[in-house]
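Peer 1: Spelled out, the chains give:
Number of protein chains: 8
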Amino acid sequence: MNQDELVTLLLDMKQDKISVEEAILQIKKEPFQDLGFAKIDNHRGIRQGMAEVIYGASKTPEQIYKITKSMMEAGQKTILITRMKEEAYEYMKDKVEFTYDSLSKVAIVGKIPEPNGEGSVVVCTGGTSDMPVAEEAALTLEAFGNQVVRLYDVGVAGLHRTLAHLDEIMSANVIVAIAGMEGALASVIGGLADCPVIAVPTSVGYGASFHGVSALLSMLNSCASGVSVVNIDNGFGAAYQASMINHMGRK
Amino acid sequence: MNQDELVTLLLDMKQDKISVEEAILQIKKEPFQDLGFAKIDNHRGIRQGMAEVIYGASKTPEQIYKITKSMMEAGQKTILITRMKEEAYEYMKDKVEFTYDSLSKVAIVGKIPEPNGEGSVVVCTGGTSDMPVAEEAALTLEAFGNQVVRLYDVGVAGLHRTLAHLDEIMSANVIVAIAGMEGALASVIGGLADCPVIAVPTSVGYGASFHGVSALLSMLNSCASGVSVVNIDNGFGAAYQASMINHMGRK
Amino acid sequence: MNQDELVTLLLDMKQDKISVEEAILQIKKEPFQDLGFAKIDNHRGIRQGMAEVIYGASKTPEQIYKITKSMMEAGQKTILITRMKEEAYEYMKDKVEFTYDSLSKVAIVGKIPEPNGEGSVVVCTGGTSDMPVAEEAALTLEAFGNQVVRLYDVGVAGLHRTLAHLDEIMSANVIVAIAGMEGALASVIGGLADCPVIAVPTSVGYGASFHGVSALLSMLNSCASGVSVVNIDNGFGAAYQASMINHMGRK
Amino acid sequence: MNQDELVTLLLDMKQDKISVEEAILQIKKEPFQDLGFAKIDNHRGIRQGMAEVIYGASKTPEQIYKITKSMMEAGQKTILITRMKEEAYEYMKDKVEFTYDSLSKVAIVGKIPEPNGEGSVVVCTGGTSDMPVAEEAALTLEAFGNQVVRLYDVGVAGLHRTLAHLDEIMSANVIVAIAGMEGALASVIGGLADCPVIAVPTSVGYGASFHGVSALLSMLNSCASGVSVVNIDNGFGAAYQASMINHMGRK
Amino acid sequence: MNQDELVTLLLDMKQDKISVEEAILQIKKEPFQDLGFAKIDNHRGIRQGMAEVIYGASKTPEQIYKITKSMMEAGQKTILITRMKEEAYEYMKDKVEFTYDSLSKVAIVGKIPEPNGEGSVVVCTGGTSDMPVAEEAALTLEAFGNQVVRLYDVGVAGLHRTLAHLDEIMSANVIVAIAGMEGALASVIGGLADCPVIAVPTSVGYGASFHGVSALLSMLNSCASGVSVVNIDNGFGAAYQASMINHMGRK
Amino acid sequence: MNQDELVTLLLDMKQDKISVEEAILQIKKEPFQDLGFAKIDNHRGIRQGMAEVIYGASKTPEQIYKITKSMMEAGQKTILITRMKEEAYEYMKDKVEFTYDSLSKVAIVGKIPEPNGEGSVVVCTGGTSDMPVAEEAALTLEAFGNQVVRLYDVGVAGLHRTLAHLDEIMSANVIVAIAGMEGALASVIGGLADCPVIAVPTSVGYGASFHGVSALLSMLNSCASGVSVVNIDNGFGAAYQASMINHMGRK
Amino acid sequence: MNQDELVTLLLDMKQDKISVEEAILQIKKEPFQDLGFAKIDNHRGIRQGMAEVIYGASKTPEQIYKITKSMMEAGQKTILITRMKEEAYEYMKDKVEFTYDSLSKVAIVGKIPEPNGEGSVVVCTGGTSDMPVAEEAALTLEAFGNQVVRLYDVGVAGLHRTLAHLDEIMSANVIVAIAGMEGALASVIGGLADCPVIAVPTSVGYGASFHGVSALLSMLNSCASGVSVVNIDNGFGAAYQASMINHMGRK
Amino acid sequence: MNQDELVTLLLDMKQDKISVEEAILQIKKEPFQDLGFAKIDNHRGIRQGMAEVIYGASKTPEQIYKITKSMMEAGQKTILITRMKEEAYEYMKDKVEFTYDSLSKVAIVGKIPEPNGEGSVVVCTGGTSDMPVAEEAALTLEAFGNQVVRLYDVGVAGLHRTLAHLDEIMSANVIVAIAGMEGALASVIGGLADCPVIAVPTSVGYGASFHGVSALLSMLNSCASGVSVVNIDNGFGAAYQASMINHMGRK
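Chains A, B, C, D, E, F, G and H, in that order, are what the protein sequence lines are. The numbering used here numbers the first residue of the first sequence as 1 and each following residue consecutively. The numbering used here numbers the first residue of the second sequence as 1 and each following residue consecutively. The numbering used here numbers the first residue of the third sequence as 1 and each following residue consecutively. The numbering used here numbers the first residue of the fourth sequence as 1 and each following residue consecutively. The numbering used here numbers the first residue of the fifth sequence as 1 and each following residue consecutively. The numbering used here numbers the first residue of the sixth sequence as 1 and each following residue consecutively. The numbering used here numbers the first residue of the seventh sequence as 1 and each following residue consecutively. The numbering used here numbers the first residue of the eighth sequence as 1 and each following residue consecutively.
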């Protein structure tokens, strides 16, 4: 209930269109949501026309299908499903129209909105093995209305590969830097770029990479300013914040 | 060397104003800096009028003084010195005019610029013990031209304290959420706010807080979208990125 | 052997009803059990009428069946089997009458007793993925004679969901707060509630959740007073202590 | 604002005693506090006559003194100050009347209330080195109106010492079990007692005790049911929850 | 080459029976083995009549069979094979006569020697889940000529179970104490017994047991004197040392 | 009360030398110690004539002095005080006659008993920095009646130094192997020796030695059979068990 | 573009063979690669005739085949494929001629070059279980033109086995020392050898070996000088650097 | 005793210049050192004219002085003392002539030898705070006869600083790359250089740098080939191996 609706409600009551009891019921019913949390709902589906998100990891194919169905019926134009397993894809593919990227396990139901962010978001990775996480980020960004520039396999051990993309790096509005192993990409990109860098450590590596801990620590300790970090393999989380930043001026 | 200068150089050589050897020397001399790295320098002092930064932690009072002096002579209007120990303050206080916050160990030389960001940046903390880190963030933000709203001691164990500031939280452009111990503040703020949240774990706590590790892990695992994390006690780093985000539309 | 029996024994010996040797044997035979350990057996089946427990995790279907059988023959009215694998269920389902919850792997043989605790015990979770642990707790509580209020998926990232249940939280006698990832639920609930909160970290999450370590540390460092913690995924343990607390006045 | 007040407000508005705008303002103003948070304040000072608590660890002597003063002026009868350093004691000793235990760094201002809990709370420790934590727990319990039985140095390596106190252990209403090093005390006590046991790992030990981590893990993994755990060295936290439990029937 | 042989060699050379070059070659050839390493071989098969050991974990069925065969042909009377997988058992069962314990994965080829140690070795466990490790220890001890007393499931959470075996514990010559979870057994046994206790942490448990780390730390920090520790699940290693100790007087 | 004393007591009662009440009092008074725990007391001071031990780490000089005094008055011939700080030495040096080793912080009051173990105990270290721990072990061994062979600085990086002492290593009855850094000494000694080896990791080292964790892990994973491990820097614990082993045949 | 080419370019422009615009384009086009990064390409295939490397771990059989094919067509004489799974072998075995070592998962396409290093490289292991890593190293070394001496199963628990190869160890030019469990081999070899030792911890072991962490720490803390370490199980990395060192004089 | 001396000895005996007994005594006296370990001694002082090393960390000023004195008297021309505390410098400065670098705590007695390695060794650091470790490495290298190129503060966050030294990096014979915090320098340098890179993590940093662990993991996981790692802050160890490599061709 927004302020206009509250005014209407109170006037209705005053004019005896509804009883005092009914007004009280309305006011008490969902006090948290109604009296200030309206913004929270906006929060979830950031802005009008943006994607609704389903986190598929711990849901059964049936559950995912049901939630998707009910969102579609509620008029949702774009639905992003992350970490959706192959079997859920198999279950749903004849029931709903959607695209599915088997590498990143991301499904998108409905149409991808036109990019309406401030600028482009660069998604770069240290190696090709980081691509599942990178595509989760890139597809999330696209579903949220961002123009994405993919720079994959630009790891710092072959610095010329990184530097060959200096233009894209320097003209980005936000950068999502994704790397496993030693995670040095975040520091090098953070030193080159003039925009916020959101670093995503990946679980790529072996031995003392400790399933992404090495890259995580590396990124947290980045000597470059302007770098922040999300959880290991959390491409979605980085993309979500990157999209927020890329839409700052549009608020 | 930008493109115009390169054209001039080549034409000069063509017209025998300079020899081929000299041209080659010019071209080879600083290829990295000249052919694209100019932006890097902009990076350091983000935008005209912004603060230059000195990281005081591992520098002697003499070193800090010398660097400050030379920056001032170079015309720098605002200089931010972080992690400056008491003895450096004592050493410098009669030589240069500056403010010093003994809690956060932040010094600011010159005048603090007028806020020129998009909106306000909220700096909130879980407890009063997090204030040294919070003030490092807040003063950095101010030195970089941001309007700062301080919400200290709004930890989630007393949720009414957090919720009492719902307005500031919901109208912020960026939020820096600072907490030690269990670091739950980041998740609660991240769930309430509709803007990027940069979380700073602090080393406040004892026992199984492991000098900030508990809060760090908590923040990395935040179930709220739109939260990214910087190193333990890194108030400056969070503020730096928050300032970048808050100036997105002004680029 | 209580004091009366000891007196009798000594008098018997004095009056030559039994020999000195026999008296010595009696005294030495089971000193630990006789002089106070009887109470220990009460401990296991807390109070008359309560459930007996079988920890199924490392037992074969045959072993579980045999123990159940012998308990039933001994007149046990309610038997709780935790962490009972599907195959044990398959093995036993035609041999004994019982209910089996495949989500939490909890089986209950016999009838669930009428709630006879002081008040209600709230079992709340941060997300739906925590439900297997939550149901282990909830079914254990019910088998031990407690009225259970289930509040699932009330995680703090959507604070309005948590607050929508303020009444249940505030009128609970004991709360079992279950969450994975960043485990912030324990602190928020601990701050809202006026009763003991037993926190259960779960292994739900990925990356830096480290299979529940992040939630565990978070809960141990809770800034809310009145919160204690059990092992990761230990729904049974939390329920056991919660039941003890909820029956305090009935002792 | 409770329901009666809401009815009054709406009727007032209906009868033009207040304007619609005023009614809206009232309703929106402090929804969280008004609609249920009153209880939260009760939470802090659990019940009438109970101690108010100051966490002294990160406060200056002046700050502690000021807070104490204002609490006293507000009519608080008992004030508990934990982790109060010697210098704060020195600063305050001539200004306010209070007792100070230099071992546990606990100060109590005002009179200790008569025990009004259900039964006794046993505070036991593995060794004499655990006494600072134990006294923090014991004094907290006393300040909160509990009868305390101290059983110090009853560690399991000398099991006869533990068993010599079987009576106290078995007749306790709640037990706070405090141990460093291998923390086995919690399991043994948990196995013997028929009441909730709150275990406190301490940082006592060296080498692989890792400042309490060994004891913490040991206690979390206790094979005895009915044991929950608080943070390393958190005597206050254990006592707080123990007091809650010991007052269950008095609510 | 012992001293006599060296004298002979030099005299031979002096008397021109062998050339100087040959003498030098002899002296340089195998200095390490000849001058004292013979004893090392004794080390492997501790004493005449003892078992030879094959560590089966990383060997193929064929490799195990071949080594066994060649040992048998070399006249070895008892061969102990640890961590031998089912498939190796299947492969060998028709080729060689041996016993195989599928719980502990221990095979014994040949006859188990008569106990010839000083006294009995107690192998005790905290729970029934520790039995695979316990049987590895017990069978190793028997294969090495020790009388073994098995005390399984005597964990400290049910102290009366532990104490019911006080006689065996107190009359043991060496004790191997095996436990997972919180590993408290080692401390309690170490406090009761008057002989060396070798503690074996097991990977039994879940959550914060961290695959045996909790028990390991607990045992290393045991407050009982006379306790030493081996690697997690290393029943063989504990038995090997226990057998050495139990044969001390027979050397 | 041993069996003889119990018989006497009962007969005395039977013959009316003492009343039934007195007999009951005697029997109940210290049931645990009297009815079976007698051995426990033997345990502490292993055998007649052995040293009593005071762990000085957490005791004040006054406490140490008092305990020492009362032990002396009770007729104790040898008292071993470990981890006794300089100030305790200063406090006690004019009050009691004793030797004090400032390197290992070990004091011995009374005379060191004649060695009465089976053979010699070798105490060897990887480097000279391990000597404080080594002397704690060596002096403990001597106070418990063992002949000690000190082999210091025989680390494996200079293998000839290790091998130069092959004779002592091979003829030892028990070996205490002490090393920090990478702790390889335990494996090499364990491979060379034909007797139990008790390994003591030390906190000597820097960086990735993690205050002894590297050496601890190394020793736990020793590929040599017959090696067990005690806590980091626990020279006393290793010596205690080594002495037990070295006195096996004398039991 | 090397210096000669730059001179030519500028002269061409001066003589109007190419336009100024074309010259600018050439200069700007690939500044990083052209003006100094040529060496980088040499880096990959260290020296003429050396192997090109494909890291097979995260590549599909099809991808590996395609890269191999294109390298062969580019005239590459030797191609080393590491961590190539069985299925890739199956896929490729009829399409390309190559050898495949199923133990180490290393494939070599083309002919192995003649050894052209300075001396021999010793690859030694602590046990036979380390052989997969050792063969990855040995085959890599051979593919890079080194003479390899394999010393497997020379672990320090049987020191005579180590010392039996003193000659090879002492005459090596570089040594790759590979061991799991406690990793003591590196220290012993490092102490014996007079050449650089590159240590490779392996994930061989169980319990407290923590998948190679114990060996890794052990090697990093080696008390022997001249030892450096690579990642757990990184046989290739050690071999790569060893080959570099063994070809130092040939640069 | 080298081979020539052994021949002489045997011939002397043959010609009755010495008795058989004397020959035996000579041969047996120091068998390990004499009959094969001669190389080991060479190892310590790598080659004629090289520095002898004293590790000063755990030695008293007196001990350092005595060892130095005896080395000088034995004719040692250059003595390197690492980790020598200020007080040792004060103690020795008037007794011996030497240089002392108070930053790295390295002292050099005698003259620094002329560089006689194959090429130059680059010592580079990420920041100025890494200089103490870097100077330990650089001075060690100089004392061992290497030409050192110092490139300090060339961290990757300001990539132009790194690249400005491309020439030195690419023409180095060996590189010692030293960095704290995220340790990315090793990967970038490893990718640029065509020679062995020995990486040294430093304890520089705060929070999640965990005293060098972050940099250590980063370096172990370097995606650049040809990088190996030594212990945290171990500048000496890296220099020692770098010197070995730089003298390969001179062996």
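These aren't lab readings, by the way, just hints derived from the structure by calculation. You may find that some hints are simply not true.
Cut-off 25 Å, straight-line C-alpha distance, at most; resulting in silico cross-link-like pairs (DSS-like, lysine-lysine) [stated by the list, open to error]:
#	chain 1	residue 1	chain 2	residue 2
1	A	Lys-93	A	Lys-69
2	G	Lys-77	G	Lys-93
3	H	Lys-17	F	Lys-105
4	H	Lys-17	E	Lys-14
5	E	Lys-59	G	Lys-85
6	A	Lys-105	G	Lys-17
7	D	Lys-105	D	Lys-93
8	C	Lys-95	C	Lys-66
9	B	Lys-14	G	Lys-77
10	F	Lys-59	F	Lys-17
11	B	Lys-105	B	Lys-59
12	F	Lys-14	C	Lys-14
Peer 1: Evaluate each hint against the coordinates.
Peer 2: So, going through the hints one by one against the coordinates:
no.: 1; hint: Lys-93/A to Lys-69/A; result: holds (13 Å)
no.: 2; hint: Lys-77/G to Lys-93/G; result: holds (18 Å)
no.: 3; hint: Lys-17/H to Lys-105/F; result: violated (54 Å)
no.: 4; hint: Lys-17/H to Lys-14/E; result: holds (12 Å)
no.: 5; hint: Lys-59/E to Lys-85/G; result: holds (21 Å)
no.: 6; hint: Lys-105/A to Lys-17/G; result: violated (55 Å)
no.: 7; hint: Lys-105/D to Lys-93/D; result: holds (14 Å)
no.: 8; hint: Lys-95/C to Lys-66/C; result: holds (11 Å)
no.: 9; hint: Lys-14/B to Lys-77/G; result: violated (46 Å)
no.: 10; hint: Lys-59/F to Lys-17/F; result: violated (45 Å)
no.: 11; hint: Lys-105/B to Lys-59/B; result: holds (13 Å)
no.: 12; hint: Lys-14/F to Lys-14/C; result: holds (5 Å)
Taken one by one, the earlier hints fail for this structure at numbers 3, 6, 9, 10, listed in ascending order.
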